[in-house]
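Q: Sequence:
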Amino acid sequence: ALSPAFTGSRMRPIFELVTKCGRSMATFFKEEARAGRKLEYEMKDTFQRYGNDVIATVAFGIEVDSMRDYNNEFFEMATKMLSFSSWKMVPLMVIMRVLAALGQKTNMDFMDSKLSDHFKKMIRDNMKQREVNKIVRNDMINILMEVRNGSLKHQQDEQETKDAGFATVEESNVGKTTHSRKWTDNKLFAQCFLFFIAGFDTASTLMSFLAYELSVNPEIQERLHEEIRQTEDSLKTNPLSYEVLQKMQYLDQVVSEALRKWSPNMQLDRYCRKDYLYDDNAGTRFVIEQGHMVVIPVIAMHHDPQYFPEPERFDPERFSEENRSKINTGAYLPFGVGPRNCIGSRLALMEVKSIFYHLVRDFRLVLSEKTQVPLTMAKHPFALLVEGGLWVEFKPRSGINE
Numbered sequence: 005a006l007s008p009a010f011t012g013s014r015m016r017p018i019f020e021l022v023t024k025c026g027r028s029m030a031t032f033f034k035e036e037a038r039a040g041r042k043l044e045y046e047m048k049d050t051f052q053r054y055g056n057d058v059i060a061t062v063a064f065g066i067e068v069d070s071m072r073d074y075n076n077e078f079f080e081m082a083t084k085m086l087s088f089s090s091w092k093m094v095p096l097m098v099i100m101r102v103l104a105a106l107g108q109k110t111n112m113d114f115m116d117s118k119l120s121d122h123f124k125k126m127i128r129d130n131m132k133q134r135e136v137n138k139i140v141r142n143d144m145i146n147i148l149m150e151v152r153n154g155s156l157k158h159q160q161d162e163q164e165t166k167d168a169g170f171a172t173v174e175e176s177n178v179g180k181t182t183h184s185r186k187w188t189d190n191k192l193f194a195q196c197f198l199f200f201i202a203g204f205d206t207a208s209t210l211m212s213f214l215a216y217e218l219s220v221n222p223e224i225q226e227r228l229h230e231e232i233r234q235t236e237d238s239l240k241t242n243p244l245s246y247e248v249l250q251k252m253q254y255l256d257q258v259v260s261e262a263l264r265k266w267s268p269n270m271q272l273d274r275y276c277r278k279d280y281l282y283d284d285n286a287g288t289r290f291v292i293e294q295g296h297m298v299v300i301p302v303i304a305m306h307h308d309p310q311y312f313p314e315p316e317r318f319d320p321e322r323f324s325e326e327n328r329s330k331i332n333t334g335a336y337l338p339f340g341v342g343p344r345n346c347i348g349s350r351l352a353l354m355e356v357k358s359i360f361y362h363l364v365r366d367f368r369l370v371l372s373e374k375t376q377v378p379l380t381m382a383k384h385p386f387a388l389l390v391e392g393g394l395w396v397e398f399k400p401r402s403g404i405n406e
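Using the numbering used here, the first residue of the sequence shown is number 5, and each one after it goes up by one.
Quick caveat, the hints were computed from the structure, so don't treat them as lab data. Keep in mind the model is a prediction, meaning the values are calculated, not measured. C-beta: ideal position from N, C-alpha, C; glycine also. Treat the hints with caution; some may be incorrect.
Unchecked claim - Distance condition first, Cα-Cα at most 25 Å in a straight line; then the derived PhoX-like pairs of lysine-lysine: (1) LYS265 <-> LYS383; (2) LYS118 <-> LYS132; (3) LYS42 <-> LYS125; (4) LYS118 <-> LYS84; (5) LYS399 <-> LYS374; (6) LYS124 <-> LYS138; (7) LYS191 <-> LYS24; (8) LYS399 <-> LYS42; (9) LYS265 <-> LYS278; (10) LYS34 <-> LYS265; (11) LYS240 <-> LYS34; (12) LYS125 <-> LYS138; (13) LYS374 <-> LYS265; (14) LYS383 <-> LYS24; (15) LYS330 <-> LYS251; (16) LYS265 <-> LYS191; (17) LYS84 <-> LYS124; (18) LYS34 <-> LYS399; (19) LYS383 <-> LYS399; (20) LYS265 <-> LYS251; (21) LYS24 <-> LYS118; (22) LYS132 <-> LYS42; (23) LYS330 <-> LYS24.
Said to hold, decoys possible - Here are the computed distance ranges between Cβ atoms for each label pair: (24) ASP189 <-> THR241: 27 to 35 Å; (25) THR333 <-> GLY287: 41 to 49 Å; (26) ARG128 <-> THR333: 26 to 34 Å; (27) THR241 <-> ASN190: 27 to 35 Å; (28) GLU314 <-> ASP121: 46 to 54 Å; (29) TYR282 <-> ARG152: 54 to 62 Å; (30) ASP284 <-> GLY403: 50 to 58 Å; (31) GLU80 <-> GLU373: 39 to 47 Å; (32) GLY154 <-> ARG328: 38 to 46 Å; (33) ASP284 <-> GLU373: 49 to 57 Å; (34) ASN327 <-> ARG128: 46 to 54 Å; (35) SER402 <-> THR380: 30 to 38 Å; (36) ASP279 <-> THR83: 28 to 36 Å.
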C-alpha cells in the first residue's frame with residue numbers, strides 16, 4: 005500500500021530534509037575541528053544519531069540535532085525502542101517483515117506500554133496539528149495521512165531518474181494506483197515504527213561499515229572524493245539535488261559494494277502460501293509445502309565466490325558499468341526482490357549517499373588508534389556488530405567550505 009510513497013517524485017522534496025541533516029552533521033564536525041578537538045568517533049553511535057535526525061524529520065516532522073543535543077528526547081526514545089528485553093527480542097529481519105501485522109493485532113504490546121503510548125501520542129499530536137492548521141509538509145507523516153484517508157496516489161513523473169542506483173530494487177507495479185482503503189491508526193503506528201528501525205538501526209549499520217571500508221581503502225576513498233569534487237565544480241553555487249546525487253556512478257558503486265559485503269539484512273524470509281514445485285532441471289527437485297517459511301541466506305550468497313570472486317575484498321568495480329552485467333541479480337539481494345521487497349530502498353540509499361557525499365567532501369576518513377584491522381566481529385545471531393565498537397577518525401581536508 006505504500007509503494008507510491010517512494011517514487012522519485014516523492015523523494016525529491018524529502019531529499020531536501022535528508023541532505024539538511026547531512027550538512028548539519030558535517031558542519032558540526034568542522035566546528036569541532038576548528039575548536040582543536042580530535043574527531044574520533046564510534047561509527048555505530050554516530051550514524052545512529054544521523055539516522056535519528058533523518059527519521060525524526062522525514063517520518064515524524066520533528067527537527068532534532070543529535071550531535072549537538074546529545075541526549076535529546078527523540079534519540080533517547082529511539083534507543084529505548086530498540087532495547088527490548090532478551091525474551092522479547094526477535095530477529096530484526098522478522099520484525100521488518102511482520103511488523104505492520106504484528107502492530108495491528110497486538111497494539112504494539114511487544115514494547116513497553118509507556119513508551120508505546122508516548123510514541124503513538126507523538127504521531128497523533130503531529131497529525132492533529134497539521135489537520136487543524138492545514139499544514140502540508142513534504143515528509144512521511146504527510147504521506148501516511150494520505151494513506152489513512154485513502155487518498156495516496158502514484159505520482160507519474162516523466163522526469164523521474166530511471167536508474168536510482170544498482171542496489172535499488174525495481175519498483176513493483178503492485179501499489180501504483182490510488183488507494184481508497186483507509187488504514188487504522190494502529191497500522192500507521194506500526195509503519196512508523198518500521199521506518200524507525202530501518203532508519204535508526206539498519207541504515208546506521210551499513211554506514212558504519214562503509215566508513216570503515218573507506219578508511220582501510222584510501223585509494224577508493226580518494227577516487228570517490230574526486231567524483232564529489234567534480235560534482236561540486238559542476239554545481240557551482242547550486243545546491244546538491246536529488247537528480248545529481250542519483251547520477252554519481254562511483255558513489256553508487258561504493259554503496260552497492262558495501263551492501264554486498266556488509267548487508268544489514270542478513271537473511272530474507274517468505275511464507276509459502278501454496279505448494280510450489282522447485283526444479284532446477286539439473287537434478288534438484290522438491291516441493292515447498294504450503295505453510296512453510298522459506299529463509300534466503302542473503303549474506304551467505306553475497307560472500308559466495310561462485311557469485312562474487314574474492315568476496316572478502318572490498319571492490320566497487322564489481323558494480324561498474326562494464327562489470328555489473330556479470331552479476332547474478334538473483335544472488336544480490338540487499339533489499340529483497342518482487343512486490344514484498346523493501347519499499348524504502350530509495351530512502352535508505354538517499355540517506356547513506358547524502359551523508360557520505362558531505363563527509364568525504366570535507367574530511368578524510370582514516371584509521372584511528374582504536375580501529376581494529378581486521379575487525380573482530382561480536383558473536384550475535386542476527387546483527388553485524390564489532391567487539392569494542394567500530395572507530396574511525398575524520399581528518400579535515402584543506403580548503404573545506406565553512
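Q: For each hint, tell me whether it holds in the structure or not.
A: Outcome of the hint check:
Of the pairs offered as hints, the one joining LYS265 and LYS383 holds, with about 18 Å between alpha carbons and a cut-off of 25 Å not exceeded. Pair hint LYS118 plus LYS132 holds up; C-alpha atoms about 21 Å apart against a cutoff of 25 Å. With a C-alpha separation of about 40 Å, the suggested pairing of LYS42 with LYS125 is violated against the 25 Å cut-off. About 11 Å separates the Cα atoms of LYS118 and LYS84, which keeps this hinted pair within 25 Å; it holds.
For the hint pairing LYS399 with LYS374, the CA-to-CA distance comes to about 15 Å; that is within 25 Å, so the pair holds. Restraint check: the Cα-Cα separation between LYS124 and LYS138 comes to about 21 Å, which is no more than 25 Å; the hinted pair holds. Between LYS191 and LYS24, the direct Cα distance comes to roughly 29 Å. Violation of the 25 Å bound is thereby established for this hinted pair. A C-alpha spacing of about 9 Å is found between LYS399 and LYS42, which places the hinted pair at or below 25 Å, so the restraint holds.
Proximity of LYS265 to LYS278 is assessed by CA-CA distance (about 33 Å); at most 25 Å being required, the pair is judged violated. Under the criterion of a C-alpha separation no larger than 25 Å, the hint pairing LYS34 with LYS265 is inconsistent with the structure, at around 30 Å. The suggested pairing of LYS240 with LYS34 holds, with an alpha-carbon distance near 21 Å, which does not exceed 25 Å. Between LYS125 and LYS138 the alpha-carbon distance is near 19 Å, which keeps this suggested pair within the 25 Å criterion.
About 22 Å separates the Cα atoms of LYS374 and LYS265, which keeps this hinted pair within 25 Å; it holds. As the CA atoms of LYS383 and LYS24 are separated by approximately 36 Å, the hinted pair breaks the 25 Å bound. Taken as a hint, the LYS330 and LYS251 pair is honoured in the structure, with Cα atoms around 21 Å apart against an allowance of 25 Å. A distance of roughly 33 Å separates the Cα atoms of LYS265 and LYS191; the hinted pair therefore is violated under the 25 Å criterion.
For the given pair, LYS84 sits about 15 Å from LYS124 by alpha-carbon distance, which is consistent with the 25 Å threshold. In summary, the hint linking LYS34 to LYS399 is supported, as the alpha carbons are separated by about 10 Å, within the 25 Å threshold. Among the hinted pairs, LYS383 with LYS399 is inconsistent with the structure: their alpha-carbon atoms are about 31 Å apart, more than 25 Å. Annotation: proposed proximity of LYS265 to LYS251 holds, straight-line Cα distance about 23 Å (limit 25 Å).
Our distance criterion of 25 Å between C-alpha atoms is broken by LYS24 and LYS118, whose separation comes to about 32 Å. At roughly 44 Å between alpha-carbon atoms, LYS132 and LYS42 are farther apart than 25 Å, so this suggested pair is violated. Between LYS330 and LYS24 the CA atoms are separated by roughly 37 Å; this puts the pair beyond 25 Å, and the hint is violated. Checked against the given bound of 27 to 35 Å, the beta carbons of ASP189 and THR241, roughly 45 Å apart, lie outside it.
Between THR333 and GLY287 the Cβ separation comes to about 24 Å, which falls outside the hinted range of 41 to 49 Å. Between ARG128 and THR333 the C-beta distance comes to about 42 Å, which lies outside the given range of 26 to 34 Å. In this structure the hint that THR241 and ASN190 lie 27 to 35 Å apart at CB is violated, the actual value being about 47 Å. For GLU314 and ASP121, the Cβ-Cβ distance of about 51 Å falls inside the hinted range of 46 to 54 Å, so the restraint holds.
For the hinted restraint 54 to 62 Å between TYR282 and ARG152, the CB-CB distance of approximately 40 Å leaves it violated. At about 57 Å, the CB distance of ASP284 to GLY403 agrees with the hint of 50 to 58 Å. Distance hint for GLU80 and GLU373: a CB-CB separation of about 30 Å, inconsistent with the stated range 39 to 47 Å. Checking the proposed 38 to 46 Å range against GLY154 and ARG328 shows it holds: the Cβ atoms sit about 40 Å from each other.
The hinted window of 49 to 57 Å between ASP284 and GLU373 holds, with their beta carbons roughly 51 Å apart. Range check, ASN327 to ARG128: Cβ separation about 49 Å, and the 46 to 54 Å hint holds. Between SER402 and THR380 the C-beta distance comes to about 34 Å, which sits within the given range of 30 to 38 Å. For ASP279 paired with THR83, a C-beta distance near 44 Å fails the hint of 28 to 36 Å.
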